[in-house]
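Letter 44 of the sequence shown, counting from 1, is numbered 44 in full-length UniProt numbering, and no numbers are missing.
Since the hints were derived computationally from the structure, they do not count as laboratory data.
Treat the hints with caution; some may be incorrect.
Now the in silico label distances, taken between C-beta atoms and shown as ranges [claimed, not checked]:
| id | residue 1 | residue 2 | range |
| --- | --- | --- | --- |
| 1 | Gln26 | Asp82 | 53 to 61 Å |
| 2 | Arg31 | Ser86 | 29 to 37 Å |
| 3 | Ser69 | Gly98 | 17 to 25 Å |
| 4 | Gly101 | Leu81 | 43 to 51 Å |
| 5 | Ser78 | Thr19 | 40 to 48 Å |
| 6 | Leu81 | Glu18 | 14 to 22 Å |
| 7 | Arg25 | Lys96 | 39 to 47 Å |
| 8 | Thr28 | Thr80 | 40 to 48 Å |
| 9 | Ser84 | His60 | 18 to 26 Å |
Lysine-lysine pairs mimicking DSBU-like chemistry, simulated, CA-CA at most 35 Å apart [claimed, not checked]:
| id | residue 1 | residue 2 |
| --- | --- | --- |
| 10 | Lys67 | Lys47 |
| 11 | Lys96 | Lys67 |
| 12 | Lys47 | Lys29 |
| 13 | Lys96 | Lys48 |
| 14 | Lys63 | Lys47 |
| 15 | Lys47 | Lys23 |
| 16 | Lys67 | Lys48 |
| 17 | Lys48 | Lys63 |
| 18 | Lys48 | Lys27 |
| 19 | Lys27 | Lys47 |
| 20 | Lys63 | Lys96 |
| 21 | Lys47 | Lys96 |
| 22 | Lys48 | Lys23 |
| 23 | Lys72 | Lys48 |
| 24 | Lys47 | Lys72 |
| 25 | Lys72 | Lys96 |
| 26 | Lys29 | Lys48 |
Glycine is no exception: its CB is placed at the ideal position from the N, C-alpha and C atoms.
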Amino acid sequence: MTEPSSNRDIDRGTTGNETRARKYRQKTKERRGRDRRLVKSKGRRRKKIMNSITERRVIHQVKIDPKISAPKIAASTSNTLDRSVSAETVRSILRKAGYNGRVAR
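Let the hints inform the model, and build the full structure from the sequences given.
Have a look at this one:
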């Protein structure tokens with residue numbers, strides 16, 4: 001028996017593994033750009049803990065009282081959202097908004 005000459009000849013056999021392999025090859029062909037590099041698929045990120053409204057609320061709390069600590073903001077936000085929010089998440093939101101340091105300024 002001769003070796004298959006192309007992917008089309010390989011794809012004729014349709015056992016479970018071969019079908020999966022064919023689908024994988026097809027997906028990678030679709031994901032490749034013109035320059036034959038894999039293009040990053042969009043929309044595959046980690047879900048955000050807080051939405052934009054909650055982020056604005058955190059920034060507003062700092063505007064009212066710049067000396068409030070990140071753990072206190074995290075605790076109040078956790079109570080509001082009914083899910084755990086770490087102080088580091090609050091700090092990263094404040095840094096992104098332009099506030100940094102122990103006392104946000």
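Do the hints match the structure? See the list:
1. Gln26 to Asp82: 53 to 61 Å: 43 Å, violated
2. Arg31 to Ser86: 29 to 37 Å: Because 35 Å falls inside the window, the suggested range holds.
3. Ser69 to Gly98: 17 to 25 Å: Once the Cβ atoms are compared, 18 Å apart, the range 17 to 25 Å for glycine 98 and serine 69 holds.
4. Gly101 to Leu81: 43 to 51 Å: 26 Å, violated
5. Ser78 to Thr19: 40 to 48 Å: 47 Å, holds
6. Leu81 to Glu18: 14 to 22 Å: 47 Å, violated
7. Arg25 to Lys96: 39 to 47 Å: 41 Å, holds
8. Thr28 to Thr80: 40 to 48 Å: 44 Å, holds
9. Ser84 to His60: 18 to 26 Å: The hint (18 to 26 Å, Cβ to Cβ) holds, given that serine 84 and histidine 60 are roughly 21 Å apart.
10. Lys67 to Lys47: Cα-Cα ~30 Å, so holds.
11. Lys96 to Lys67: Answer holds: lysine 96 to lysine 67 is near 18 Å, not above 35 Å.
12. Lys47 to Lys29: 28 Å, holds
13. Lys96 to Lys48: 14 Å, holds
14. Lys63 to Lys47: Holds: lysine 63 and lysine 47 sit about 27 Å apart, inside 35 Å.
15. Lys47 to Lys23: 28 Å, holds
16. Lys67 to Lys48: Judged against 35 Å, a Cα distance of about 26 Å means the pair holds.
17. Lys48 to Lys63: Cα-Cα ~23 Å, so holds.
18. Lys48 to Lys27: 28 Å, holds
19. Lys27 to Lys47: 24 Å, holds
20. Lys63 to Lys96: Holds - the C-alpha atoms of lysine 96 and lysine 63 are around 14 Å apart, at most 35 Å.
21. Lys47 to Lys96: The given pair, whose Cα atoms are some 18 Å apart, holds under the 35 Å limit.
22. Lys48 to Lys23: 31 Å, holds
23. Lys72 to Lys48: 20 Å, holds
24. Lys47 to Lys72: 23 Å, holds
25. Lys72 to Lys96: 19 Å, holds
26. Lys29 to Lys48: 31 Å, holds
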